[in-house]
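Chemist: With the hints as constraints, model all of the structure from the sequences given.
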Amino acid sequence: MKNLKTVVLSNQEISPGYFRMRILAPDYTKISKPGQFVMFRVQRSMPPLLRRPFGIFRTGFMPADCETMPPKEFVEIIYKVVGSGTEIMQGLQQGAQVELLGPLGRGFEAGDPAEEKILVGGGIGLVPLYMLAESLVEKSQVRLLMGGRTRDDIITVTEFERLGVETYVSTEDGSLGEQGLVTKVLETRLAQKPKATIFACGPMPMLEAVHHICQAHKIPLQVSLEALMACGVGACLGCVVKGAGHTEENPSYLCTCKTGPVFKSHLIDWGKAVAKEKTETGGCK
Amino acid sequence: MIKRREKVARPDLSVEVCGIKMKNPVMPASGTFGYGEEYAPYLDLNNLGAIVTKGLSLNPKAGNPTPRICETVSGMLNAIGLQNVGIDVFLKHKMPFLESFNAPVIVNFFGNTLEEYAEVAARLDAIPGVAGLEMNISCPNVKHGGIVFGTDPQSATDVISAVRKRTKKPVIVKLTPNVTDIRVMAKAAEDAGADALSLINTITGMSVDIRKRKPRLANTIGGLSGPAIRPIAVRLTHQVVQAVKIPVIGIGGIACAEDALEFLIVGATAVQVGTANFVDPTAMEKIVSGLEDFCIEQGIADIKELIGTLEV
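Heads up: the protein sequence lines correspond to chains A and B, in order. 13 is the number that numbering that gives the first Met the number 0 gives to position 14 of the first sequence; each next residue is one higher, with no gaps. 48 is the number that numbering that gives the first Met the number 0 gives to position 49 of the second sequence; each next residue is one higher, with no gaps.
What the hints contain is simulated information worked out from the structure, not anything from laboratory work. Just so you know, nobody snuck in bad clues.
Below are the DSSO-like pairs computed for lysine-lysine, each with C-alpha atoms no more than 27 Å apart in a straight line:
1) Lys285/B / Lys20/B
2) Lys263/A / Lys138/A
3) Lys1/A / Lys285/B
4) Lys4/A / Lys32/A
5) Lys29/A / Lys257/A
6) Lys32/A / Lys257/A
7) Lys244/B / Lys164/B
8) Lys244/B / Lys22/B
9) Lys263/A / Lys60/B
10) Lys285/B / Lys4/A
11) Lys29/A / Lys1/A
12) Lys192/A / Lys217/A
13) Lys60/B / Lys257/A
14) Lys217/A / Lys138/A
15) Lys138/A / Lys192/A
16) Lys285/B / Lys257/A
17) Lys91/B / Lys257/A
18) Lys183/A / Lys217/A
Facing chain B, according to a computed beta carbon distance under 10 Å, are these residues of chain A, among others:
19) Asn2
20) Ala229
21) Cys230
22) Gly231
23) Val240
Across the chosen pairs, the derived CB separations fall in these ranges:
24) Ile30/A / Ser288/B: 19 to 29 Å
25) Glu15/B / Lys1/A: 31 to 41 Å
26) Ile87/A / Glu257/B: 22 to 32 Å
For every residue, glycine included, the Cβ atom is placed at its ideal position computed from N, Cα and C.
Modeler: Have a look at this one:
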């Protein structure tokens, strides 16, 4: 966990409304785990007041500006422009001064390598699954089921393919891949009764549906959740979700930033799980 | 004209609030710093004037439904619902960690009834590592129609007196700004035996999602904090300082040393930093070094010389 004053290395639109930002981040290749996130301060002045949580897409090295310098270590986030914070972000240029707190939270658990790994991503929810795929492909068979409303929401799939992940794309309007919800594709895959572990990130209704499908097939599921956050370190308690067994008389709230953002799905109360809010996050926080 | 003196090598930043000695006047505001451990990876708790815990109650409290927070212009609304682990778990599992630092520990607490306040105060009184108690009186009294203790002088007097009887430790009463005249409450608290006052707690506010036509917080109403409330907090601190003899801790939207200095100049002995911790976990350390720089720049050898020097 580090609190960095750093700079933007690049910031490009990769699909209408979706941006990929690369940020200088020493040590991140060593300290980041799949499923973790960062709290990103868009600029050093206000607005906005609060940092924004973003799932880590990947980390890596890029060549320095001149040969004599060591390579630059970076973290990449992908975000969708949905509010005032991300609107400022899309205008940030190379060299813009930003702050980065992280990596934060508990990430995914890989599980038994002999099992097939099925990753289910919905729109921007794909983000935290990339590093997970990177870590899984060496030992396991990995499939990605990627869903979106339209073709613009299908991002970075070719990068998963380059890792050796078998990908299945679906869109609600049929503009790319199979027409329909990603959960339909998941049902088809599970009909073949694979011995598998499932990892999912996306909008709450999708995660809820994936949870019920996995329950029916008795397949373990890990979900990465998204929530409004102020601190990202477990102090403000603003980002909680209802835990399994939650009742009004006996409430149970789990901190998304600290206990999560990745949870085993049976630990979440899917009844009226969380506010189905559109939050300003890239990936699942 | 500010008279400049010779260069001060290292100004004395230490202050004393009702017997609690602090190496500087900067401490976290309750509820924005967890139980200290959450922020320990990012800043050295030894560098703080004091550590103020999240608000504790007799029994654990689960808190409010979500959404609990939303950002507003230069501020945020929250309705966390005082979620906390309860006094027993705190003393067993959180207090030992806090005691490992050399900053005094101030435990913030609250209750649903007068008896609960008194009981928590009695338990804290027995703990040697607790330097002081900060009473959050912005809670409804469930036995008296839910009237907020801190908005009614008689209720405040009763609950503070009850706490006063159960502890010899310094009692800091945290005032709510959601009253017509805060000086009335400040005097009531002083008369009931408060050793110091801290203010302000959040200002009640509300925000609406215009497309859903729903409040942006599940609780509908929340507490506004952050830089947006600072001028209000400075004004209220100024008024309270005039009205009472006991020391005052200023709180409200402090994000940098300049902000903290406004409170000190109007007469606060120390300050608490809240929302700024979320924005920058090292905010308090930066404020301390900023205070030091200001004293050096102004030729002030002891920050206490600055307290209450407002010229009107």
